[in-house]
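Asks: Required output: the full structure, derived from the provided sequences and hints.
Top line first, the protein sequences correspond to chains A and B.
All residue numbers for the first sequence refer to our numbering, where the first residue is 233 and numbers rise by one.
All residue numbers for the second sequence refer to our numbering, where the first residue is 2 and numbers rise by one.
These are calculated hints, taken from the structure and not from any lab test.
You can take every hint at face value.
Stretch-level coverage of chain A by chain B, calculated; a stretch enters the list once three of its residues show a Cβ under 8 Å from a Cβ in chain B:
1) 277-291
2) 334-346
With a straight-line cut-off of 27 Å between C-alpha atoms, the simulated DSS-like cross-links for lysine-lysine are:
3) A:Lys334 / B:Lys58
4) A:Lys302 / A:Lys270
5) A:Lys270 / A:Lys235
6) A:Lys270 / B:Lys58
7) A:Lys235 / B:Lys58
8) B:Lys58 / B:Lys18
9) B:Lys19 / B:Lys58
10) A:Lys334 / A:Lys235
11) A:Lys302 / A:Lys334
All C-beta atoms, glycine included, are put in the ideal place defined by N, C-alpha and C.
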Amino acid sequence: AQKVTQAQTEISVVEKEDVTLDCVYETRDTTYYLFWYKQPPSGELVFLIRRNSFDEQNEISGRYSWNFQKSTSSFNFTITASQVVDSAVYFCALIARFGNEKLTFGTGTRLTIIP
Amino acid sequence: EADIYQTPRYLVIGTGKKITLECSQTMGHDKMYWYQQDPGMELHLIHYSYGVNSTEKGDLSSESTVSRIRTEHFPLTLESARPSHTSQYLCASSGPLAGTDTQYFGPGTRLTVL
Chain A
233 AQKVTQAQTE ISVVEKEDVT LDCVYETRDT TYYLFWYKQP PSGELVFLIR RNSFDEQNEI
293 SGRYSWNFQK STSSFNFTIT ASQVVDSAVY FCALIARFGN EKLTFGTGTR LTIIP
Chain B
2 EADIYQTPRY LVIGTGKKIT LECSQTMGHD KMYWYQQDPG MELHLIHYSY GVNSTEKGDL
62 SSESTVSRIR TEHFPLTLES ARPSHTSQYL CASSGPLAGT DTQYFGPGTR LTVL
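Replies: Set out below in structure tokens:
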């Protein structure tokens, strides 16, 4: 069985502050993929990143960075110098390579950037 | 950039009506999915398909039905809408069949049943 936990239900920060969204996962599979999606108020789910279980290198894309640590089963997402447009619900998700290949989502973190 | 489309974007309808939510993708993906989500809440998989003429029920029981007659098209039907069906419905697709690939989502349909 797979599980994704996003313990932070809601976070509010003032614009230009850095913010980290936590994601902890559980799986018995050794091959799996982790994802982050962004859901702005308009409702669509926007894909941000995918990491496979064999690649623990951190990744940076502009103001976004991701820290993957297998030792703690975490895949945290940091936004640097936050902007109002970053306000959204962010979902972490997991899929096992040799399972039924269904995405398991966390419950999401609602991020509000205060201008 | 994902090419997956859903219509209508918004639908307000009376109880007992039959509705079909459309989902199409132009990426040639063989896998398609339907999720149900209350606003800002977690997503629940209600249907999925791994190819033409293949459909399966997801983790959340749903009174809706789906069909997959063409690769690019995965419509969802409610025979008799009820207020409990009020929700957002998100369609997604991924491919190829032999690998685990990223799911790309459509813009969603917000359904309100009065």
